[in-house]
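Here's the letter readout for the chains.
2 protein chains.
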Amino acid sequence: MDALFDRHQPTLAAALKAAQERGYWSAYPEIPSGKIYGETAKDDGLASYKIRLGKPFDLPGHPETTNVGAEVSPFGPTLAITYPAADADTLIAASQAAAPAWADAAAKTRVGICLEVLARLNRISFEIANAVMHTTGQAFAMAFQAGGPHAQDRGLEAVAYAFAEMTRTPAQAIWTKPQGKAEPIVLEKHWRILPRGISLVIGCQTFPTWNSYPGLFASLATGNTVIVKPHPGAILPLAITVSVIRQVLAEEGFDANIALLAADAPGAEITRDLVENNAVQLIDYTGSNSFGDWVRKHAGDAQVYTEEAGVNSIVVAGTDDFAGMCANIAFSLSLYSGQMCTAPQNIFVPRSGIKTDEGHKSFDDVAKAIAAAIDDLLGDPARAAGVCGAIANPATLSRIETARSLGTLIRDSAPVTTGDARTATPLVLAVDADKTDAHEEERFGPITFIVAVADVGEGIEKATSLARRKGAITAALYDTDSSRIDAAVDAFARAGVNLSINLTGGIFVNQSAAFSDFHVTGANPAGNASLTDAAFVANRFRTVMWRRPKAA
Amino acid sequence: MDALFDRHQPTLAAALKAAQERGYWSAYPEIPSGKIYGETAKDDGLASYKIRLGKPFDLPGHPETTNVGAEVSPFGPTLAITYPAADADTLIAASQAAAPAWADAAAKTRVGICLEVLARLNRISFEIANAVMHTTGQAFAMAFQAGGPHAQDRGLEAVAYAFAEMTRTPAQAIWTKPQGKAEPIVLEKHWRILPRGISLVIGCQTFPTWNSYPGLFASLATGNTVIVKPHPGAILPLAITVSVIRQVLAEEGFDANIALLAADAPGAEITRDLVENNAVQLIDYTGSNSFGDWVRKHAGDAQVYTEEAGVNSIVVAGTDDFAGMCANIAFSLSLYSGQMCTAPQNIFVPRSGIKTDEGHKSFDDVAKAIAAAIDDLLGDPARAAGVCGAIANPATLSRIETARSLGTLIRDSAPVTTGDARTATPLVLAVDADKTDAHEEERFGPITFIVAVADVGEGIEKATSLARRKGAITAALYDTDSSRIDAAVDAFARAGVNLSINLTGGIFVNQSAAFSDFHVTGANPAGNASLTDAAFVANRFRTVMWRRPKAA
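Chains A and B are the protein sequences, given in the same order. Per UniProt numbering, residue 1 is the first one in the first sequence, and the count goes up by one each step. Per UniProt numbering, residue 1 is the first one in the second sequence, and the count goes up by one each step.
There's no promise every hint is true.
Chain copies aren't distinguished; within one or between two, either way the pair holds.
Said to hold, decoys possible - Capping the alpha-carbon separation at 30 Å, the derived lysine-lysine pairs in DSSO-like fashion look like this:
#, residue 1, residue 2
1, K42, K55
2, K368, K470
3, K35, K50
4, K108, K17
5, K181, K35
6, K181, K550
7, K42, K181
8, K35, K17
9, K470, K297
10, K355, K368
11, K550, K355
Keep in mind the hints are simulated off the structure, nothing from the lab.
The shape of chain A in the complex, shown without the other chains (with noise of 0.2 Å):
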């Protein structure tokens, strides 16, 4: 009954220590080797990507009233892929006559269950990463890295608490109170996990799996239903993911339509009639704060986890390794395009200028040096190609136009690579605080102010403002001086903003890693959740009891 646990069961006990201990650790290597995957592993992968395109993708047994699919690749292509679809009414049906036997199952069994799916999925990373490249526009290392293994430790680290969560609750006890002189009472009870009802799993276009797979898998494991709400310019990596997790069900007795693909078409969301439906009684959602809000507000007695955006700050006050500080700001602003939503959009820089390695720096260089930087990082176009990827949406591409006259330019976007990719290097401006709050709006995208504040104090002032007004989901400082460093970490806290200081080489504050990052706080307006902690999980389900007198 529980073989698919008792096989995964060393890779669960391994995510439970980690996400204890919160050092590195991670269950699904992050490299795209022949020698981890199978030597055939990448050209399989892409073969099969490559097959499902131009035709309807399969899902048997699932819901088809009709059936839609609109994804063009933001590197050229169009995928030509049609994907089941259904009403908001016939889903929750689905879902609902699912439902029972899943609520019913043992929590070993389900969590075996979520543990098999991600070992698949691991394996098919190679085929995820085309999937995820080709609706996203991250590269193929990052959809690889991002969209596979790294979406698949997140999701074992969902399934990690949920099972913790399940099981802190012993199945059954003997309850025995002392009546003095008199014989003790002695009841025997006996508890259960109660799933709360069908999970709606939104999700967003830059990140359809690193996004959703906390929430999805954390609903399964807790023995929910779950509904994917796919962004309709991103379906193909989540209808393969739920394609894998029906397989596996139907291959251990379970009904598939625990899990549902919701697929719609552009500007036909069914979002709005999922999230208002009272059957829904948990909803994740990754996207804008304006829908974000809406979901909040209409969710009714649903609980929401929600990743919105907000806008992230850098604080330069000073360092001791100039060069390796404007290389790593460098790659921050570059990677994905500034897509990311851990990607800085302010950097703060004293208008006087700040202490360095390399002497006094004034305003100006720091803000040169950081565009040379990019300038350095992209001048080879495979390279630049490698790390910026396509632009997803193309309102992105506009939304750089119109950033051009916000500041003075420092260093223009221009596309990575000729041919039909959509892609945009950052554009960099310089603003003063004290005349604009330009950079005050989050502009998603390769869009970067370097805003010129009176004192470092000032910077950390004004960024933690503004994450607590607009949300901030990563900062990051540099700075030399370490009082000021205090004041700042207890700043930051306080403005709900992980921080990271002094990041130089190969890691950046765009990073996030599973059993150790939270990712988001959830206090303030970047998100309400954070993946992923006990409150991700604890409230997916619930405990009942029943007891009765111990039979003597």
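Since chain A is already given, all that's left is putting chain B on it; use the hints.
Then chain B, alone, in the frame of chain A:
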């Protein structure tokens, strides 16, 4: 610094162990004995209570723009105590001013203070008992137990869960990521707890301390400031509680306004103003479903934990101890005159009767035997007074009046005592489920329906359907058929109701013991939260990180 934590650490450790094992355990003795609480404790408690009557309640430093107070004991006397009061904005401002230092305090410091508060509350359990008795109408023994030690146990349970959650993530860790043949990336990471904001605790009249302590202490322990909004008819028990909290806070160098009392006058409640204020990020509510619905809809982005109301059922299918069953049910119906949220309202009995150790009993036999058991229990006036106590709210007497015509009168309600006390024994009516649905409305107070159904299966179906639609906190079953019991266990579990089977003797369906019984499941309309599980505490705080390269 953490002297209080160290002092109470053994209690905390025992609480954590008990909550994990869920056998019987209690930190605070429930027996109102001089041997435990001191030979003069009872007299001292009464004197302390009496000295508060007829004068302003002293809360040094508490915001006070006016004063309120209109409590009248259900046993007769007017309390004539006035409390400092202020509008919502004034209270919010004072709470926010007190917040930073409390948020910055170490988890151990806050937990130590909570444990000291609970220890001091325990020492004044006799005073609390009088305060609870004369605001709720509970008889003294129950007011002592439920208002004192049992409430303190529930508070301790919440503190223990909060401590477990806050210490689940280490304060720091080293993250070492291998880089193949290159040097690994080594980061030091630091985490801290960030509270949500202001926590509003909305108390009820019948269990002002028991129902408020879990949310109150969970929020305090996790670093939130707390505004306690008592029912205007039951301010004193929470005023004393807030007073003790403020005293310990001040002794430990904190702003006493970390805990505020939002006393208000009947008809001029400030609850809505508090609920709708964006600074309020956590709300614990105990009360009616109708106002609960309003709270859930108007809480904005605050996390809301509710215990509302439901219609609790007993299904009588058969018994091998007919007399014991009737006596047990009689006590459950009579205790505090049915004013417990856990008291049964409906008793489903097959029209054709049931098998018992005394032979076959017809529907009428069962109804009459339960009525007779109530008469037996309440035959002695002193014992009747001790069991029934008084009626908290005059509306309950009107409800009994109205209910009389809803079915066949099996046992009439009558005053328990002569004199000023507002009292009523259980009203027992027989109805047929095919002919009325009068029993499907919650009728709060000593109103019981013996409901005729086709068979046991229909009884379970009706009881669980009612639980799904209207909510239920408890259910009981009397049966001797093990396969039927198994089916009932599944049915009630799916309806999210805790089920007690074949209770006789000194344990009752109404009773819910801290550290073992989760009170309310959160899985039906009787409430959206459970006292106390991880879900009840984990979302009261956030975890924020800073990280930097580890110095070589």
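Structure-based check of all given hints:
In the homo-oligomer, the alpha carbons of K42 and K55 lie at most 30 Å apart inside one protomer (22 Å), although the nearest pairing across protomers, at 82 Å, exceeds that limit. In this assembly of identical chains, the alpha carbons of K368 and K470 lie at most 30 Å apart only when taken from the same copy (28 Å versus 66 Å across copies). Taking CA atoms no more than 30 Å apart as the test, K35 paired with K50 passes inside one copy only; the shortest distance there is 23 Å, against 81 Å between copies. Both within a single protomer and between protomers do K108 and K17 lie at most 30 Å apart by alpha-carbon distance, with minima of 18 Å and 24 Å respectively.
In this homomeric assembly, K181 and K35 come within 30 Å of each other (Cα to Cα) only across copies, at 16 Å, whereas the closest approach inside a single copy is 71 Å. Taking identical chains as interchangeable, the C-alpha atoms of K181 and K550 lie at most 30 Å apart only when both belong to the same chain, with a minimum of 19 Å there against 62 Å between chains. Taking identical chains as interchangeable, the C-alpha atoms of K42 and K181 lie at most 30 Å apart only when they sit on different chains, with a minimum of 24 Å there against 75 Å within one chain. Within a single copy, K35 and K17 get their C-alpha atoms as close as 27 Å, which meets the 30 Å cut-off; across copies the closest is 47 Å, which misses it.
For the homomeric pair K470 and K297, the shortest alpha-carbon distances inside one copy (18 Å) and between copies (24 Å) are both at most 30 Å. Within a single copy, K355 and K368 get their C-alpha atoms as close as 16 Å, which meets the 30 Å cut-off; across copies the closest is 91 Å, which misses it. For the homomeric pair K550 and K355, the shortest alpha-carbon distance between copies (22 Å) is at most 30 Å, but the shortest distance inside one copy (74 Å) is not.
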